[in-house]
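Asker: Going down the list, the protein sequences come from chains A and B.
Quick note on numbering: the first sequence equals residues 1 to 330 in the numbering used here.
Quick note on numbering: the second sequence equals residues 1 to 306 in the numbering used here.
Don't read these hints as lab results, they were simulated from the structure.
Quantities reported herein were computed from a predicted structural model and do not represent experimental measurements.
All C-beta atoms in this analysis are idealised placements derived from N, C-alpha and C, irrespective of residue type, glycine included.
Where hints are given, some of them may not hold.
[Unchecked claim] Sample of chain B residues facing chain A (criterion: CB under 7 angstroms; computed from the structure):
#1 Arg203
#2 Glu216
#3 Pro219
[Unchecked claim] For each label pair, taking beta carbons as the anchor points, the in silico distance ranges come out as:
#4 Ser83(A) x Phe142(B): 33 to 39 angstroms
#5 Pro280(A) x Gly133(B): 28 to 34 angstroms
#6 Leu120(B) x Leu201(A): 42 to 48 angstroms
#7 Ala25(A) x Phe142(B): 43 to 49 angstroms
The chain contents come next:
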Amino acid sequence: MNEMVLEARDVTRRFTIGASLFKRATTFSAVKGVSLSLRQGEVLGLVGESGCGKSTLANMLLGLLDPSEGEVLVGGKAISRSSPLERARRIQPIFQNPYSSLNPRKSVEDIVSLPLRIHNVGSASERRAKVAEMLDMVGLSRRYLDSYPNQLSGGQRQRVAIARALIMRPEVVICDEPTSALDVSVQSQILNLLLDIKDELNVSYVLISHNLAVVQHIATRVAVMYLGRIVEEQPTEQLFANPRHPYTEALLSSVLTPEPELGIPDTHLGAAFPNPMDPPPGCSFHPRCPHAMPHCSTLHPRPLSDGDRMVECHLYDEAAAQAAREPQPA
Amino acid sequence: MTFKELSSPEDAATPPAPAKPRWRDGQFLRRAFKHSAFMVGVVIFVLIVLMALAAPLLAPHDPYVQSMTNRLVPPIWMENGTWEHPLGTDGLGRDYLSRILYGARISLIIGIFTVITSGLIGTTLGVLAGYFGGRVDLVVNFVVMTRLTLPVIMVALAIVSIVGGSLIVVILVLGLLLWDRFAVVMRSATMQVRSQEYVLAARAVGCSTPYIIIREILPNIFGSLVVIGTFEMANAILLEAALSFLGLGVQPPTPSWGLMVAEGRQYLLFEPWLIMVPGAAIFALVLAINLLGDGLRDILTPENRS
Numbered sequence: 001m002n003e004m005v006l007e008a009r010d011v012t013r014r015f016t017i018g019a020s021l022f023k024r025a026t027t028f029s030a031v032k033g034v035s036l037s038l039r040q041g042e043v044l045g046l047v048g049e050s051g052c053g054k055s056t057l058a059n060m061l062l063g064l065l066d067p068s069e070g071e072v073l074v075g076g077k078a079i080s081r082s083s084p085l086e087r088a089r090r091i092q093p094i095f096q097n098p099y100s101s102l103n104p105r106k107s108v109e110d111i112v113s114l115p116l117r118i119h120n121v122g123s124a125s126e127r128r129a130k131v132a133e134m135l136d137m138v139g140l141s142r143r144y145l146d147s148y149p150n151q152l153s154g155g156q157r158q159r160v161a162i163a164r165a166l167i168m169r170p171e172v173v174i175c176d177e178p179t180s181a182l183d184v185s186v187q188s189q190i191l192n193l194l195l196d197i198k199d200e201l202n203v204s205y206v207l208i209s210h211n212l213a214v215v216q217h218i219a220t221r222v223a224v225m226y227l228g229r230i231v232e233e234q235p236t237e238q239l240f241a242n243p244r245h246p247y248t249e250a251l252l253s254s255v256l257t258p259e260p261e262l263g264i265p266d267t268h269l270g271a272a273f274p275n276p277m278d279p280p281p282g283c284s285f286h287p288r289c290p291h292a293m294p295h296c297s298t299l300h301p302r303p304l305s306d307g308d309r310m311v312e313c314h315l316y317d318e319a320a321a322q323a324a325r326e327p328q329p330a
Numbered sequence: 001m002t003f004k005e006l007s008s009p010e011d012a013a014t015p016p017a018p019a020k021p022r023w024r025d026g027q028f029l030r031r032a033f034k035h036s037a038f039m040v041g042v043v044i045f046v047l048i049v050l051m052a053l054a055a056p057l058l059a060p061h062d063p064y065v066q067s068m069t070n071r072l073v074p075p076i077w078m079e080n081g082t083w084e085h086p087l088g089t090d091g092l093g094r095d096y097l098s099r100i101l102y103g104a105r106i107s108l109i110i111g112i113f114t115v116i117t118s119g120l121i122g123t124t125l126g127v128l129a130g131y132f133g134g135r136v137d138l139v140v141n142f143v144v145m146t147r148l149t150l151p152v153i154m155v156a157l158a159i160v161s162i163v164g165g166s167l168i169v170v171i172l173v174l175g176l177l178l179w180d181r182f183a184v185v186m187r188s189a190t191m192q193v194r195s196q197e198y199v200l201a202a203r204a205v206g207c208s209t210p211y212i213i214i215r216e217i218l219p220n221i222f223g224s225l226v227v228i229g230t231f232e233m234a235n236a237i238l239l240e241a242a243l244s245f246l247g248l249g250v251q252p253p254t255p256s257w258g259l260m261v262a263e264g265r266q267y268l269l270f271e272p273w274l275i276m277v278p279g280a281a282i283f284a285l286v287l288a289i290n291l292l293g294d295g296l297r298d299i300l301t302p303e304n305r306s
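Here chain B stands alone, though its shape is the one from the complex (with noise of 0.2 angstroms):
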């Protein structure tokens, strides 16, 4: 009927492309460096990981270490400050700055291997649900549902109070109650995914069904694990801070943010600084993992790839 007058040559109409590269080598690097929000997170975040990491050769002064004849010393910016105890010392004697660098370590311990523990649960529970949907689909929303009835903090304070707080203990009680958003959002990303023709044109091909979830479906869904992962691993700082604030988490005398600002409460009043150093530690960490997540979820969405 109507084509064959209806032919222009098509390549003409579109220009070439230039060969771009890979969008993993190059384009990620160019849009992440214009995202000036990652960036402030990816420097802040950097910063606080080599300071956990260097905390030994950095730390002037042993953390543990308890000294009766420098009990609260003031910080450098105030009165009676001196150069031996930057961040002063807390009602034990103990070098502040010193524990903030070695609770650095333990801020993100717990985030990281949270996230890993919970990331793993969820994201198989979420991909299964949703790549095969019906009865699978019923039981994981049905376990989702249950996990959801459970108020996280109550349980871990349970949990905790009877097992006794260790890291250990703080990071398996995160790990296996922070998993269900990972599970909503992989679920509903892979029923996103596994629509798309190109899973059927998979399929027809005669990859197996592992294959399938593993090559064709994970990369696209990668993006929005990264993101919930570094919002967890936020979540799990601080709640790992509100159990050692109220004593349940990491023991002392290992120094942990939230139990700095549990031992600092007692001073409130005359020595705020005790509170405020650690509260803003967790504060600066907390907001950088935040500001990585909400720029990798910019910079990866695939909607804004041009």
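In isolation and in its complexed conformation, chain A is listed as follows (with noise of 0.2 angstroms):
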């Protein structure tokens, strides 16, 4: 098995919010002890709704963010306890938006040589070289070094937001939303340019989406998170052929088909998506979940891992389901 490189460990973060002199404030957890491992040359989708702290837990993977509890260790290292020159060299971010992502007031060059002028590497004429071997990687041409990103279309804009990210050759790359806010036709070229970089640098991402065509075309593994747990994790494969947690079944069937004779598809789901500030009690997918039973809405699911698999549901949970039946003790 190949080197772990980047790990979650029961990580939890609480935001506090509507804090004044005059009013109490609130808490509540956007990512609830998850956990989550990386291991080289993988590539681990995190696919759920929004608003269920997927970005929350980006910004933690990337150390902007300190975790309420738990840890996230880079390359065997707790994040919290590098600095963050070292941590930078070893994950790099690829946001959504690259109309957002990129200052307007730098050039191309001065956006891509950023990271080597922070980690003082090189003179000024080597890293203008090392830049213009990067846009060769990703595919720009090289008399862009000098324009702006006003002058850039969105794919190109990206590429110039995956050249930052790549050029201090990090091991882990964590791609948020890459491809949401571009143009379907340039999508797929930019989900090629991650695949073929992967395999030349050798890194490793963590590919969030809510796009699952995007998920099963580059994933390895995937994780589904449901407000702030993740509730499955399964092989690309297997999670596309056999998806066990019901929330997975009914992101599954909600994907939309190129036949327009199969209608669009109904997800069972409502439309009600639960209050992050006060969630259901017991299994928090319960009031949406088709299969839930009568203790589904007072005990909390136990993670339940076999192998390369795990799900958190207590559809697959014998033994809580024995005990829920159990007359309780007076």
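Could you use the hints to bring the two separately framed chains together as a complex?
Answerer: What follows is the structure, encoded as structure tokens:
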């Protein structure tokens, strides 16, 4: 097995909101006890609805946000104990929106060479050569070196963002919806570019997306997130062939297919996304779950691992069901 | 699923962008020349600055020398006007043109140094509040609110009447009072910029907080800083004129435009040019600066840049 490059252990992040002089603060957990691991060469897909904590988790993996509990390890070292520069050399982000992830006042060369300058790599001319090399790798012509972001298209901008993320040759790249702000025709080019670069530079990705097609295309393993928890994790083919958690089933059935006669799929999930400030008791998915059982609303399901798959659902927990059927001791 | 067949070469779709010069060099000047109001402002402002700088060369007389035999000579366009005194003389027989030329220096010095002082204070507070938010923001907001409860002209009058009026006192008083708009605008501009993903990207790269503020955020809010700066400069020049008019600004016999209006007040009915000439000078300078500011805002705002 390959070396472990990124690991999150029981990571929780609480936010306090509404604090002011006259109002008591309320806290809520955006991410609750999430553990995940990424081995070298893997692509871990992270899917879930908006508001489920994907981006909070991503910011913690990047070290931009400190976890309230638990820790993130990059290359076996806790991220909270490494310096910003050390952390930056190992893990880099690619953001969703290439229109806001590039500083409009800086040229392409300035943007891509920023990590080199911060890390004091080489002289100005060496840096320029490195940037040009990087532009070749991401498929952007060298004549854009002195261009400004407003002169580039969305796809070209995302290539610049990828070049910036990769110029220090990090081990892990966190891609937060790398294609969802792009034209459909450009999306596949960027995904293929990410795959090519992965083989060339031997990086591993965490791919955050709500587009299952994207995840199926490039992820090796998929983790499904719901309301701050990872509710299911499986290798990609297994997850798409045999989803176990009812939420995963619903997500898979929600994919729009190109065949118009099939109509718009119904996920049977209803419209109500639960309020993350006040999550439902027991299994947080039970109000929307088609298979909900009585004890789902009282007992939080345990994570059940076997081999390389994990699910957190009462349907697969015989012991808990047994215990729930027993009469309560008086 | 459906991506492979959707791929089409993007570069074929978008025509290759020509290698444009940096907007700082090329685009800015091109836009500026097309903006006629801005150019009018630039021309008037540059003329006044040149006037102020070259005052010793241009002034036909010493602005301080009184001549009791030449009192209240009318300007050249009126009856009895002479080329000896193109703008006439004041009630003490001093050459009005020379005093206007030297007065430009006072107005510009007040405007520039007040804006530097207040800009430094306001930008520092605003950027810190906008970047850090939370408690820092609460404190800065409180300070700004406190400052806004003070009426500028009253406080300035009170301080100047206690300390005594002089150029430096006026600059300090105005500089320490006029930073509120800088703070408010810089705060919201910083908040807007700091939520952009490129700031997050800079943090992920390992940039320090001062580096991010100075190199990533400041260049993006510099446009609004310049615009506020010009408006505050106009404001400071007007306030100096008002203070001097009330006798609490620059002290006589220094030639200040506000003071000249004040001194001309007693001749208002029979020699109105004594007020009109310095009044027109104040008007021209403030108008020029405001046109400059308006123009800069149009030229620098990112949404107008193609």
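Asker: Does Pro219(B) meet its interface restraint, that is, does its C-beta lie within less than 7 angstroms of any C-beta in chain A?
Answerer: 4 angstroms, holds
Asker: Regarding the hint that Arg203(B) lies at the interface with chain A, is the smallest CB-CB distance below 7 angstroms?
Answerer: 6 angstroms, holds
Asker: Note whether the CB distance of Ala25(A) and Phe142(B) lies within 43 to 49 angstroms or breaks it.
Answerer: About 20 angstroms separates the Cβ atoms of Ala25(A) and Phe142(B), which means 43 to 49 angstroms is violated.
Asker: Could you see if the CB distance from Ser83(A) to Phe142(B) stays within 33 to 39 angstroms?
Answerer: For Ser83(A) and Phe142(B) the Cβ distance comes to about 35 angstroms; the hint holds.
Asker: How does the Cβ-Cβ distance of Pro280(A) and Gly133(B) compare with 28 to 34 angstroms: does it lie in that range?
Answerer: 32 angstroms, holds
Asker: Could you see if the CB distance from Leu120(B) to Leu201(A) stays within 42 to 48 angstroms?
Answerer: 46 angstroms, holds
Asker: Regarding the hint that Glu216(B) lies at the interface with chain A, is the smallest CB-CB distance below 7 angstroms?
Answerer: 6 angstroms, holds
Of the numbered hints stated above, the single one contradicted by the structure is hint 7.
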